[in-house]
Amino acid sequence: MAADFNWAVGGEAGDGIDSTGKIFAQALSRAGRHVFTSKDFASRIRGGYTAYKVRTSVDKVQSVVDRLDVLIALTPRTIEENLDELHEGSVIIYDGERTTMQDVEIPEEMIGLDVPLKSLAEEAGGAIMRNVVALGAACEVAEFPIENLDSALEKRFKDKGQKLVDNNKEAARAGRSYVADEYDHEFDYDLETTDEDYVLLNGDEAIGMGAIAAGCRFYAGYPITPATDVMTYLTGRIERYGGHVVQAEDELSAINMALGAARGGARAMTATSGPGIDLMTETFGLIATSETPLVICNVMRSGPSTGMPTKQEQGDLNQMLYGGHGEVPRFVLSPTTIDECFWKTVEAFNLAEKYQLPVYLTADLSMAVTEQTFSPETFDMDEVEVDRGNVVDETTIDDHMNESGGFQPHELTDDGISPRAFPGTADGAHMSTGLEHDEQGRRTEDTDMRVAQVDKRNRKVETAREREDWSPREFGDADADDLVITWGSNEGALAEAVEILDDEGQDVRVLSVPYIFPRPDLSADVEAAETTVVVECNEQGQFADLVEHDVLERVDRVNKYNGVRFKADELAAEIKSTLAEGVEA
Amino acid sequence: MSSDIRFTDFKSDKQPTWCPGCGDFGTMNGMMKALAETGNDPDNTFVVAGIGCSGKIGTYMHSYALHGVHGRALPVGTGVKMARPDIEVMVAGGDGDGYSIGAGHFVHAVRRNVDMTYVVMDNRIYGLTKGQASPTSREDFETSTSPEGPKQPPVNPHALALASGATFIAQSFSSDALRHQEIIQEAIEHDGFGFVNVYSPCVTFNDVDTYDYFRDSLVDLKEEDHDPTSREDAKDVILDNEREHQGVIYKDESSVPYHEQHGVDEDMSVIPDGAPESATDLVREFY
Chain A
1 MAADFNWAVG GEAGDGIDST GKIFAQALSR AGRHVFTSKD FASRIRGGYT
51 AYKVRTSVDK VQSVVDRLDV LIALTPRTIE ENLDELHEGS VIIYDGERTT
101 MQDVEIPEEM IGLDVPLKSL AEEAGGAIMR NVVALGAACE VAEFPIENLD
151 SALEKRFKDK GQKLVDNNKE AARAGRSYVA DEYDHEFDYD LETTDEDYVL
201 LNGDEAIGMG AIAAGCRFYA GYPITPATDV MTYLTGRIER YGGHVVQAED
251 ELSAINMALG AARGGARAMT ATSGPGIDLM TETFGLIATS ETPLVICNVM
301 RSGPSTGMPT KQEQGDLNQM LYGGHGEVPR FVLSPTTIDE CFWKTVEAFN
351 LAEKYQLPVY LTADLSMAVT EQTFSPETFD MDEVEVDRGN VVDETTIDDH
401 MNESGGFQPH ELTDDGISPR AFPGTADGAH MSTGLEHDEQ GRRTEDTDMR
451 VAQVDKRNRK VETAREREDW SPREFGDADA DDLVITWGSN EGALAEAVEI
501 LDDEGQDVRV LSVPYIFPRP DLSADVEAAE TTVVVECNEQ GQFADLVEHD
551 VLERVDRVNK YNGVRFKADE LAAEIKSTLA EGVEA
Chain B
1 MSSDIRFTDF KSDKQPTWCP GCGDFGTMNG MMKALAETGN DPDNTFVVAG
51 IGCSGKIGTY MHSYALHGVH GRALPVGTGV KMARPDIEVM VAGGDGDGYS
101 IGAGHFVHAV RRNVDMTYVV MDNRIYGLTK GQASPTSRED FETSTSPEGP
151 KQPPVNPHAL ALASGATFIA QSFSSDALRH QEIIQEAIEH DGFGFVNVYS
201 PCVTFNDVDT YDYFRDSLVD LKEEDHDPTS REDAKDVILD NEREHQGVIY
251 KDESSVPYHE QHGVDEDMSV IPDGAPESAT DLVREFY
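If you read the sequences in order, they're chains A and B. The C-terminal position of the first sequence is numbered 585 in the UniProt record's numbering, with every residue numbered one higher than the one before it. The C-terminal position of the second sequence is numbered 287 in the UniProt record's numbering, with every residue numbered one higher than the one before it.
It cannot be assumed that every hint is accurate.
Computed list of lysine-lysine pairs in BS3-like fashion (alpha-carbon distance at most 30 Å, straight line) [as the list claims (entries may be wrong)]:
#1 A:Lys456 <-> B:Lys11
#2 A:Lys155 <-> A:Lys118
#3 A:Lys456 <-> B:Lys222
Just so you know, these hints were derived from the structure itself, not from any lab. These numbers come from a predicted model, not from an experiment.
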């Protein structure tokens with residue numbers, strides 16, 4: 001793998017950190033380089049440390065590492081927060097004229113570049129462009145052609161006029177020239193460009209794009225970190241396809257609006273995070289028992305309660321699997337990469353409609369707010385298939401009537417799947433209810449019908465198990481003795497960890513599982529392995545528990561719940577030590 | 001839409017289990033007649049019902065319907081109407097459903113002004129749970145859970161609606177069949193959120209707000225010097241604690257319903273077989 005370059009900009013919330021980082025990431029992407037970004041941020045609008053980190057290489061990058069080559073530090077705390085990642089020869093760009101930075105100490109083994117960011121920005125047209133001056137300085141350090149930055153600046157500012165674009169370009173050049181003129185230093189970096197075209201997007205955006213591609217036309221939600229980007233993405237876009245986004249008064253309302261739209265025949269979705277799922281759980285049983293297709297996206301964050309709202313965790317697995325009173329089937333999908341966020345969203349809509357039940361589509365904070373580059377063909381719209389399941393119209397509805405001519409939306413069938421009639425379908429008028437019901441949807445407490453309807457709902461799961469592909473993704477060494485299993489967003493870090501382990505002579509086989517329920521039967525895989533390690537971002541090992549339940553065998557666990565995602569190098573070390581202990585035991 | 005629709009077409013074959021004499025019979029009959037009279041039929045009508053005695057209405061009527069969870073009927077109706085502007089949406093619930101557990105949704109549904117009808121079957125009591133105070137119960141109304149009365153003023157739903165920017169506020173009485181039907185009809189025909197609070201007496205648990213009480217005390221705004229297009233007149237009626245009223249209290253004739261405000265006019269149940277044309281543009285935006 002070609003050398004990667006790790007860059008960050010950090011300061012206080014309100015310093016424009018996010019947009020500065022995004023501009024640099026886009027410049028790299030436009031230059032045909034792969035990019036993987038991450039954010040350190042706090043739940044506040046102003047104040048508090050925040051950083052935007054970019055890892056880039058000409059090869060695919062899909063994880064963060066504990067290394068920082070160039071840091072733009074707008075505050076002293078930015079340096080303190082990143083001391084572990086900075087190394088000998090790391091470059092720190094800062095503005096020594098800024099009051100808070102005057103006495104800043106640059107660690108001896110590192111290179112401090114004192115650049116008058118604000119003054120240079122003012123000369124170029126405004127102090128507000130100081131971060132762009134810093135980007136220009138970074139281009140010089142990294143030997144990265146500044147024209148790529150120009151194109152990102154154009155994208156960012158073109159709506160605000162050519163003058164502003166030109167000023168920003170000038171600001172960037174001022175930063176570049178200052179470093180070239182004032183510092184006679186040979187930096188080791190050379191960010192080569194390629195002819196590749198890449199798109200750069202985060203998990204929330206991939207989910208939103210997947211929803212539109214899949215024909216979702218109605219979205220209702222209530223803002224919550226880190227799911228808000230799904231709503232932001234859809235707003236202004238879904239309308240182009242005849243759809244609509246509603247900001248509801250709360251999550252209780254959001255999910256009920258989505259339910260209403262789904263009963264109206266639309267493909268509908270809501271997205272939230274754990275605290276919102278708590279509220280939505282009130283309506284979950286109704287959706288499931290009325291057999292309404294709905295996609296509920298849960299972008300997980302650290303809990304319980306308000307927890308650490310801007311930190312990573314995969315702690316809601318049990319909530320999605322078991323939330324709600326009574327017993328009723330649901331599907332739980334967990335895309336493992338950002339591009340899979342797109343495809344699994346499409347799949348979630350198809351599964352919801354084919355099996356007429358709620359589908360949890362779960363991502364997590366580190367995937368939701370992380371941007372990654374992909375070839376545009378990754379999202380080939382011609383590959384998108386829409387399967388609406390068993391929907392009847394005026395001509396086919398007659399096959400689903402009872403003796404007295406009533407339509408039967410909960411008809412007892414061999415595969416458990418009943419016909420759906422959208423409002424407006426002649427002779428299809430029917431009731432949907434959270435009460436136990438007969439085939440027509442009318443309330444019943446008849447013991448035989450109760451059992452028949454419960455069995456019918458469960459039969460849909462068995463049908464889905466047979467008809468759909470629930471396979472995990474596999475990589476690493478297929479013949480290795482040791483097996484590593486993970487789910488959700490850990491796949492990227494794990495893929496790179498496997499390369500590190502391989503270099504160190506440790507072979508492992510990896511199964512990355514995007515389906516939590518129904519899920520693949522991993523019995524044979526676990527039984528064949530000498531040691532099995534389940535990697536996940538929670539304390540209790542919720543997926544490991546499921547594996548043990550399925551396989552009836554103990555597995556080892558690697559858990560992280562400090563609010564920070566797994567990093568490739570750290571994960572490799574953890575797996576190695578867990579496997580070593582496993583062998584000793 | 002067939003023109004020979006009769007109100008009995010909106011009746012299901014389930015016999016209501018409401019207590020004999022319950023106001024809900026009259027409330028429902030008026031709704032069915034108003035729906036038929038305004039040219040709707042069961043296949044283009046969606047009724048959303050909440051929980052409680054009133055919530056059973058979806059079972060006794062024949063139409064597309066959802067009997068949802070307690071207090072959330074309005075959001076469901078909102079979703080149906082946004083996805084299907086071609087469908088007539090009627091939401092029904094009780095005073096507990098609408099003004100207690102669902103009060104938050106009521107305020108926001110009023111603000112949104114979605115073109116649907118909201119009928120609250122107000123009996124000023126919790127009937128299905130056998131007689132506890134409701135948000136519209138009188139301050140001194142003695143119940144099993146409020147032996148000396150709730151000692152709180154009842155919610156004034158009309159005031160709540162007016163303060164939230166309602167475009168149609170009305171009050172009817174289930175026993176005055178003709179007027180009740182007329183008022184519901186006007187709510188259906190209103191361009192926007194048609195809100196009708198219906199006095200629908202509970203003969204089993206409420207011995208205060210009875211048929212006789214309403215018959216004796218109701219003043220019909222139609223027979224008064226009341227201009228329903230005037231917010232001032234509406235305010236006077238709504239804040240008049242001395243008298244009970246029936247009729248259209250307020251009607252904003254320049255009401256612009258949600259779908260016009262937001263340009264939501266497509267039948268969202270119709271979607272393409274694969275990704276929509278030009279979806280590739282979405283990918284390009286990420287360059």
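Quick rundown of the hints versus the structure:
1. Our distance criterion of 30 Å between C-alpha atoms is met by A:Lys456 and B:Lys11, whose separation comes to about 28 Å.
2. This hinted pair checks out: A:Lys155 and A:Lys118 have alpha carbons roughly 23 Å apart, not beyond 30 Å.
3. For the suggested pair A:Lys456 and B:Lys222, the alpha carbons sit about 54 Å apart, so the restraint of at most 30 Å is broken.
Comparing the model with each numbered hint stated earlier shows that hint 3 is the single one that does not hold.
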